[in-house]
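Peer 1: Residue strings, one per chain:
Number of protein chains: 2
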Amino acid sequence: MKSEEITKRIYSLQVDNKPGVLSRIAGLFSGRGFNIESLCVAETTDPLVSRITLVTNGDRNILEQIKKHLNKLVDVIKVTDFNVTPFVQREMALIKIRAKAEYRAEILRMVDIFRSRIVDVGAEYYIIEVTGDEGKIAAFLELLKPMGIKEIARTGAIALAREKK
Amino acid sequence: MKSEEITKRIYSLQVDNKPGVLSRIAGLFSGRGFNIESLCVAETTDPLVSRITLVTNGDRNILEQIKKHLNKLVDVIKVTDFNVTPFVQREMALIKIRAKAEYRAEILRMVDIFRSRIVDVGAEYYIIEVTGDEGKIAAFLELLKPMGIKEIARTGAIALAREKK
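Protein chains in written order, with our numbering: chain A, 1 to 165; chain B, 1 to 165.
No lab work stands behind these hints: they were computed from the structure. Don't take every hint at face value.
Identical chains share a label here; the pair holds if one copy fits it or two copies do between them.
To be verified - List of simulated lysine-lysine pairs, DSS-like, C-alpha gap at most 30 Å:
#	residue 1	residue 2
1	Lys-18	Lys-150
2	Lys-67	Lys-18
3	Lys-150	Lys-136
4	Lys-8	Lys-72
5	Lys-8	Lys-18
6	Lys-18	Lys-164
7	Lys-78	Lys-8
8	Lys-145	Lys-100
Take the sequences, apply the hints, and build the full model.
Peer 2: Structure (C-alpha cells):
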C-alpha cells in the first residue's frame with residue numbers, strides 16, 4: 001500500500017433507526033482497522049430512518065472493501081458513495097477564541113470574510129460558528145490560531161448528491 | 001419511569017483519538033438500551049484527541065447512569081454534561097427541496113428569514129444550508145415541507161460551554 005494512493009472518501013448511509021446500528025458500523029471499522037475521520041448520525045424526516053455520514057480514508061482496495069461491508073449490513077438501507085456522485089459537502093465548527101481587546105477588530109474582519117457568525121460573547125472570548133468544506137474550515141482555524149483558540153467542536157462532514165441536468 | 005420525566009441531554013466527550021473508541025461508546029448505549037438521538041465525532045486541534053458530542057434522552061436515573069458509564073471508559077478523557085454548564089448549541093442541516101417556479105420567491109424569502117444559504121441550484125431543486133438549535137431547524141423544516149423536501153442530511157448537535165463572568 002503506497003501512501004500516495006490514500007484518499008479521503010465520504011459515504012452516506014440510510015439506516016434503520018434501531019438500537020445497535022451505530023455500534024455495528026463502528027465495530028466494523030475498528031474490527032477491520034478501517035479509519036473513521038469523522039461521523040455524524042442524526043434523524044431524517046422519516047422517523048424509521050437515520051442517516052449516517054462518515055468520512056474515511058484508504059487506498060482503492062480498502063475503500064472498495066469498506067463499501068462492500070457496509071452494503072452487507074442488514075440495517076443499512078442504502079449506501080451513497082460520494083466518489084461516483086457529484087455532491088455538496090459541508091461541515092460546521094464552533095470555535096471559542098480568546099478575544100483580547102487588541103485582536104477584536106481583526107477577529108471581526110475574519111468572521112466577516114469567512115461569512116461566519118459570532119454566536120456568544122464573553123468578557124474575554126468569542127464563540128464563532130463557521131460552515132464550509134474542510135479546506136475552508138482548516139484555513140479559518142489557521143488564521144485564528146495566533147490569537148489563541150481555547151476550544152473547538154466540529155460536526156464532521158455531511159453531504160447531499162447534486163442532481164444531473 | 002414516568003414519560004413526563006424524560007428529558008434530552010447533551011454530553012460532550014473528549015476521547016483518545018484511537019480506533020475502537022466510538023465502537024465502545026456506541027456499544028455501551030446499545031448494550032444497556034440507552035438512546036442516541038444524534039452523535040458527531042470529529043478531530044480537534046490536538047491530533048491525539050477527538051471530540052464526540054452526543055444527544056441522548058432518559059429520566060434522571062438513566063441520565064445519571066449514562067454519565068457514570070461514560071466516565072468509566074478508559075479512552076474518555078473528559079465528560080462535559082451540558083445540564084450543569086451553560087452552553088451554546090448548534091446543528092447544521094442540508095435540505096434538498098423541490099424548487100418549482102411558483103415556489104421560488106417564497107423559498108428565497110424563508111432562506112432569508114432563517115439566515116440560511118442556498119448552496120446548490122439545479123433545474124428543479126435547491127440545496128439549502130441552515131444552522132441553529134433544534135427548534136429553529138424543526139420550524140424551518142415544517143415551513144418547507146409543503147413545497148416538497150426531497151432529501152435531508154443533518155449533523156446532530158455540537159456544543160461549547162459558555163464561560164462565567
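Peer 1: Does each hint fit the structure? Answer for all of them.
Peer 2: Structure-based check of all given hints:
Proximity of Lys-18 to Lys-150 under the C-alpha cut-off of 30 Å is restricted to the inter-copy arrangement: shortest distance 23 Å between copies versus 37 Å within a copy. Proximity of Lys-67 and Lys-18 under a CA criterion of 30 Å is satisfied in both settings, with 21 Å inside one chain copy and 22 Å between copies. Taking identical chains as interchangeable, the C-alpha atoms of Lys-150 and Lys-136 lie at most 30 Å apart whether they share a chain (19 Å) or sit on different chains (27 Å). For the homomeric pair Lys-8 and Lys-72, the shortest alpha-carbon distance inside one copy (21 Å) is at most 30 Å, but the shortest distance between copies (33 Å) is not.
Taking the closest pair of Cα atoms, Lys-8 and Lys-18 come within 30 Å of each other both inside a single copy (28 Å) and across two copies (18 Å). Taking CA atoms no more than 30 Å apart as the test, Lys-18 paired with Lys-164 passes in neither setting, with 33 Å inside one copy and 39 Å between copies. With identical chains, the CA atoms of Lys-78 and Lys-8 are at most 30 Å apart both within one copy (20 Å) and between copies (29 Å). When the C-alpha separation of Lys-145 and Lys-100 is checked against a cutoff of 30 Å, the pair qualifies only within one copy, where the shortest distance is 13 Å, while the shortest distance between copies is 44 Å.
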